[in-house]
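Protein chains in written order, with the working numbering: chain U, 1 to 376; chain V, 1 to 214.
Hints are not guaranteed to be accurate.
A short list of chain U residues far from chain V (calculated; beta carbon distances all over 10 Å) [stated by the list, open to error]:
1) P12
2) V73
3) A121
4) L138
5) D203
6) I229
7) Q267
8) F271
9) D299
10) K332
11) A344
12) D364
13) I375
Short, incomplete list of chain V residues facing chain U, as computed with Cβ under 10 Å [claimed, not checked]:
14) Q36
15) V54
16) R56
17) Y60
18) D66
19) G67
20) V73
21) E85
22) G90
23) W156
24) T159
25) Q189
26) G190
27) V192
28) S194
29) Q213
If you are wondering where the hints come from, they were derived from the structure by calculation, not from laboratory data. C-beta: ideal position from N, C-alpha, C; glycine also.
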Amino acid sequence: MNAPGSIGVVIPRKAQFDQPIRLRSGALVERYELAYETYGRLNQARDNAVLVCHALNASHHVAGIYGDDPTNVGWWDNLVGPGKPVDTNRFFVLGVNNLGGCHGSTGPASINPVNGRPWGAEFPLVTVEDWVHTQARLADHLGIERFAVVMGGSLGAMQALQWTMSFPQRIRHALVIAAAPKLSAQNIAFNEVARQAIMTDPDFHGGDFYAHNVVPRRGLRLARMIGHITYLSDDAMAEKFGRALRDGALKFNFDVEFEIESYLRYQGDKFSDYFDANTYLRITKALDYFDPAAEYGGDLTKALARAQAAFLVVSFTSDWRFSPARSRQILKALVDNRLDVSYAEIDAPHGHDAFLMDDARYHDLIRAYLDNIDIG
Amino acid sequence: MTRTGTPMLRSTPANSGLPGRPEFDAIAAWIEPGAQVLDLGCGDGSLLRYLIEVRRAMGYGIEIDDGNVLASVRHRVNVLQSDLESGLAGFETASFDYVILSQTLQAVRHTEQIIGEMLRVGRQAIVTFPNFGYWGHRLQVLAGRMPVSPTLPYKWYDTPNVHLFTLRDFESFCADHGIRILERIVMDQGRVVSVLPNLLGSLAVYRFDRGPQP
C-alpha cells in the first residue's frame, strides 16, 4: 500500500570499492562495500543530487518500501518522496549505509577477507570524516561531481557539516538539523553508559560474539533504552505515558507496571533483534570523536573558514540532547565567516526525535528552502 | 503552539512592481554597495531582499515570528530565528557595516540596550519609527483618544508598541547617549517632509553612529 506521495517500492544496491581507504585512526581498509538507495533521477546537468546522511540506528533505506517487505518504510519517508519537501520529482536523492554499519555496508559483522571470519572486534573505529570520505567515493561512482544538498539530522547533520569542510567544492547546500558542533561531556557520558552495557554483557565476548552464535542482547537492549530516554523530552514522555499503568493497578513486583517501562523494553527488544552491537559501539564513538574545531584550537569559525556552502540550520526547542544553544554555536561560526545561512528554532515538543517527525512548520521550511535551489 | 512575535508592518513584496515601503528607498540610498547588513526584526525579508537587489548587500535578518522566518526563506533572504532583545549577543563587535531596525524600536522593551547593541555590532545604525508627534496623532490625543493611523495602526489594547516617542524625543535620546546623528529623512504618506518635521512627518528614518570616540 503506497501512501500518497510515497516513492513506492525501492531497491537497495551495493557499490564495491577496491581502492584502499586510510581511516582517521590510521587503519587501512583494503576494500569495502557500501549499500545505498537512490530515488528520482540524476538530471542532465548532474546538479540535482541530494545526499541524506543517517544518524545512529538508521540506514540507506531513507524512503519508500521494499517489494518483499511492504511494512519496512524508509526512516525519513515523511520528508522524502514525490511532492514531499525533499521532492524526488525534482531531486535525485541518495541514501547510504555508512562504513561500519550493519545494514549491508561493510562492517564488523562482515567477513574479513584475510581470514574468512567476521571482523568483529578487529573492525577499525570509523569517524564522521571517514564516512564523508567514503560517501564522496560513492558520489564519484555514481557520477555526482557536486551535491546540490547534503542533509541530515543529529549525527547525520554532523556529516553534512563535515562535507562543507572536507569537500567545500562538492556541496552547494548543507541542511544541518538537530546538530551539535561536538558532543558535550554529558552526551559522551550517555554514550559510555550504552557502550558499557554492551561490552559487559557476557554474550559480547570482546566483540567476537559471532563465533559463539550469540548476540549481546541484554547490552543492546539497555543501550537502546538509555538512548530513547535522551531522544525524548520530559514533556513528550509525560504526555505519551505519564504514570499510566499497564494493568491499571500496582502489582508490587518487577514485571512491567508503568507504560514507560513497557515502551522502553519493547524498543530495546526490537533494536536488539536487528542491530549489530559492534556497529553501535563504533557509531557512538564516531559521535564522541566529532569535533572539527579541535584542530583549530577549539575555534569553530576557523574550522568552517574553508566552507563555501549555503546552510539551513534547524533546531528544536525541546531537544535537550542537542539543544538549540548547540546549533547557535554552529550558526555563529557560519555568520562569522559570512556564509549564507538561515536558522529556525522549531517550537516542537518531541525532543531530539523531533527531526524525524512530520511537523508542518519544520517541513514547510525545508520545502521552501529546497524549492529555491536552482537546478539544471 | 505557533510562535508569533511583534506583528510587523512589513509585507510589501520587493518585486511586486508596487512601491516598496517608502523608507526602503531612503535606506537603500544610504547604504554603500556591497555593504554587510544586519536587519533586526526583518519581517518577511523584503527590505533585505531589496537591499540585496539594488545595493548588492550581503546580510542577515533576525526575526522571531515563525511565519516571517518562513517568508524570509521564501524570499531567499538569510534569516536567523531569534529574539531581538537577546539576539545580538552572538555577533562580533563592529562586524557589520549597518545594523537596521525598521519599524520596531517602538515595540522594543529595552531601548537603550538594543541601540547600544546595534552600535556595538554595526559601524552605523539605521532606525525607522512612527512619529508620535505627527499632527494627526496630536489631534487625536487632544480629542482624548490614543491615536490610530497608517503608521500607528493598532488600538491601545492590541498594540505591540510599548514606547511611543517623537522625533524630538529620539534626538534628545541620541544627545544624552553620545550618539551622532548622520542623516535624517522624515516622511508622510511616502513624501519627504522638510518643514516642521516633528509636526508634519508621520515616519522618521535616522542613520547614526557612536560619534568620535575619546
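To see whether the hints hold, each was checked on the structure:
1. With 10 Å as the threshold on Cβ separation, the claim that U/P12 sits away from chain V holds: the shortest Cβ distance comes to roughly 33 Å.
2. The beta carbon of U/V73 sits about 27 Å from the closest Cβ of chain V, which is more than 10 Å, so the claim that it is off the interface holds.
3. Against the 10 Å criterion, U/A121 stays outside the reach of chain V, whose nearest CB is about 44 Å from its own CB.
4. Listed as a non-interface residue, U/L138 keeps its Cβ farther than 10 Å from every Cβ of chain V; the least gap is roughly 30 Å.
5. Against the 10 Å criterion, U/D203 stays outside the reach of chain V, whose nearest CB is about 46 Å from its own CB.
6. For U/I229, the shortest C-beta to C-beta distance to chain V comes to about 24 Å, beyond the 10 Å cut-off, and the non-interface label holds.
7. The beta carbon of U/Q267 sits about 27 Å from the closest Cβ of chain V, which is more than 10 Å, so the claim that it is off the interface holds.
8. No Cβ of chain V comes within 10 Å of the Cβ of U/F271; the nearest lies about 32 Å off, and the non-interface call holds.
9. Distance check on U/D299: its Cβ is at least 13 Å (rounded) from any Cβ of chain V, clearing the 10 Å threshold; non-interface status holds.
10. Look at U/K332: its CB is around 5 Å from the nearest CB on chain V, not clear of 10 Å, so calling it non-interface is violated.
11. Listed as a non-interface residue, U/A344 fails to keep its Cβ farther than 10 Å from every Cβ of chain V; the least gap is roughly 5 Å.
12. With a least beta-carbon separation of about 6 Å from chain V, U/D364 fails to lie farther than 10 Å from that chain, contradicting its non-interface assignment.
13. With a minimum CB-CB distance of about 15 Å to chain V, U/I375 clears the 10 Å threshold, and the non-interface call stands.
14. Given the 10 Å rule on beta carbons, the hint for V/Q36 holds: about 7 Å separates it from the nearest Cβ of chain U.
15. Checking V/V54 against chain U: minimum C-beta separation of about 19 Å lies over 10 Å; hint violated.
16. Given the 10 Å rule on beta carbons, the hint for V/R56 is violated: about 14 Å separates it from the nearest Cβ of chain U.
17. At about 6 Å, the closest approach between the beta carbon of V/Y60 and any beta carbon in chain U falls short of 10 Å, and the interface hint on this residue holds.
18. A hinted interface residue such as V/D66 counts as satisfied when its beta carbon comes closer than 10 Å to some beta carbon of chain U; here the least separation is about 5 Å, so the hint holds.
19. This hint holds: V/G67 has a C-beta 9 Å from the nearest C-beta of chain U, less than the 10 Å allowed.
20. At its closest, the beta carbon of V/V73 sits 5 Å from a beta carbon of chain U; the interface hint therefore holds under the 10 Å criterion.
21. The beta carbon of V/E85 is not positioned within 10 Å of any beta carbon in chain U (closest approach about 15 Å), and the interface hint is therefore violated.
22. Look at V/G90: its Cβ gets to within about 5 Å of chain U, closer than 10 Å, so that hint holds up.
23. With 10 Å as the threshold, the beta carbon of V/W156 stays out of range of chain U, its nearest partner Cβ sitting at about 29 Å, so the hint is violated.
24. For V/T159, the suggested interface contact is broken, since its CB lies about 24 Å from the closest CB of chain U, more than 10 Å.
25. For V/Q189, the interface hint is violated, since its Cβ never comes within 10 Å of a Cβ in chain U; the closest pair sits about 34 Å apart.
26. Hint on V/G190 is violated. Least Cβ distance to chain U is approximately 31 Å, over the 10 Å limit.
27. Look at V/V192: its Cβ only gets to about 34 Å from chain U, farther than 10 Å, so that hint breaks.
28. The interface hint given for V/S194 is broken, as the beta carbon of that residue sits about 38 Å from the closest beta carbon of chain U, more than 10 Å.
29. At its closest, the beta carbon of V/Q213 sits 24 Å from a beta carbon of chain U; the interface hint therefore is violated under the 10 Å criterion.
Violated hints, listed in ascending order, are 10, 11, 12, 15, 16, 21, 23, 24, 25, 26, 27, 28, 29; each of the other numbered hints is respected by the structure.
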